[in-house]
Amino acid sequence: MLRRSIALFLVVFMLAGTPAVYAQKSGKAAKQSTPSFGNVESITAKQLKEWLTFIASDELEGRDTPSRGLDIAAMYIAQHLAGWGIKPAGDNGSYFQKVPLTLDKVVARDTRLDLGGQSYEYGKDFLTSITGAAINDAQVVFAGYGWVIKSKNINAFEGIDVKDKIVVVVNSLPKGITFNDLKGPPGADWMSPAFYAQTNGAKAVINFPTFNNLINWEGSRWNQSEKGSVSYGNQPPLIKIPTITASPRLLSTLFFGEKATATAIFNKTQALADHTAFDLKPEKKISAKVATKTEVIHTQNVVGILEGSDPVLKNEYVAIGAHYDHIGMNPFAPGPDKISNGADDDGSGTVAVMSIAEAFAKGTQKPKRSILFIWHAGEEKGLWGSEHFANNPTVPITSIITQLNIDMIGRYQNPGDENHPQNKDLPKQNEVFTIGSRMMSTELGEWSDAVNKSFLNLTFNLKYDDPNHPEQFFYRSDHYNYARKGIPIIFYMDGSHADYHQVSDSIEKINFESMEKVTKTIFATGWDLANRPVRPKVDKPLKETGN
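Position 248 of the sequence shown, counting from 1, maps to 241 under this note's numbering, and the rest follow consecutively.
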């Protein structure tokens, strides 16, 4: 924090609630007029479209974490930063901060499951999580939905012992229950089937397949044994026992001659509706072995700094970021298109931060504070890149005064969208959803509003600006990991739509004119924060109430 002299206090008092933009002095005192936000007008829809055309192209293969396409995107961003003269702020003088990952794959030829002397083949008869020890002659118990939710008086395991057994469950929530009913961390009010089974000594969980499992069976097999499962760092998985998805053939054999057939259970007949749990016949014992191989790999955040002009304030940073990864491709996806290009999610944020970085770098007037530009990897996997940066910052974490996060700002209502069940909540033209501006800092929200009103006067829609909103967007993007470190944040987004995480999230659906306005507004907000005499005061603690 800066020391505050009496004179500085008076300046802050007079300017409270107004954008901190100052006219250049020329002889007499400067005259304040309509605020000028640096090089903001250099941000154009044309430039955004040019960059997004590449970022969301098939050549980048959906920018999965990790992937060749994501590496290409990282190099593309870094090349532009170097051309603009933005300083590297990654590892060893580079633009890249390595993020450690662990890659696990199922070794199909050595993975097996035996039931009553009959062997079943991995990939054909069952799929499995990439965890767990060998199982020898374990008895089997069916536990319906398998959920325990104390506040709803639900306990699928009441009266049964799962220790040293394999638990078979239906892979869905109990009737009348949604994920919004699951409050707090697992183990407090609720337990998933796998969490309960592991906690109570079960050997494994076998799931009935969902219709989606059956449709995507071959894609899941490819993910597990060829593509592999990636996790961040060295954190152990929450569920360590094998979680197996069984084929209809395996389940038919398993439930033959039992109280309920596999077909009846799959079709959710009365035996399932009543959550009736029962032990399967003692002769139906299962042995299984999941063989895996593990490799340590890396992906990267892309990080650059524009140094501030003030000799003191340049040691503080306004962080502006987005995630540049998406969900990749699936060669077994139905239909001809196998690549999820992620034009809106989050190609739009990726190129918006690029445009903001270029505008800051090429402006004749430099901000007083430094600007930290960061493109996070692994957001789609679990906010990995931002978690890694927050825990291993390349600048002192306490020197970051605010983080502005841009995640999906390319979609806005078109005619007819108001009647579309999945698009009706998109923002209107000249509107954007904002989250968090007052959640930790009253001042930040006031300053953000003042900038907006003096500039393009967009509508800041606060529909999702609540940690307890059912969508829980506050917890679902990279700003959250900064907020957890006590850094006030603003999250800009367009919500959700029919193309979210679909191959149809493509560039022709992006509204670049509206995207330009939002990007300019974010630049202006960053410019204002970088030039204010003081950083926004954090006057409210973060409330971590999400699941």
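Honestly, the hints are just simulated from the structure, not real lab data.
Cβ coordinates follow ideal geometry from the N, Cα and C atoms, glycine included.
Some hints could be false.
Across the chosen pairs, the derived CB separations fall in these ranges [said to hold, decoys possible]:
1. 452 <-> 308: 42 to 48 Å
2. 208 <-> 532: 49 to 55 Å
3. 170 <-> 68: 31 to 37 Å
4. 463 <-> 112: 41 to 47 Å
5. 408 <-> 39: 21 to 27 Å
6. 46 <-> 414: 26 to 32 Å
7. 389 <-> 231: 29 to 35 Å
Using 25 Å as the maximum straight-line C-alpha spacing, the simulated DSS-like pairs for lysine-lysine come out as follows [claimed, not checked]:
8. 143 <-> 117
9. 42 <-> 156
10. 361 <-> 80
11. 478 <-> 417
12. 98 <-> 176
13. 446 <-> 359
14. 220 <-> 361
15. 286 <-> 252
16. 80 <-> 220
17. 117 <-> 282
18. 456 <-> 446
19. 421 <-> 39
20. 39 <-> 502
21. 536 <-> 456
22. 143 <-> 98
23. 98 <-> 252
24. 98 <-> 502
25. 39 <-> 117
Next item on the list: List in ascending order the numbers of the hints, as given earlier, that are violated by the structure.
Entry: 1, 3, 8, 9, 11, 12, 14, 15, 16, 22, 23, 24, 25
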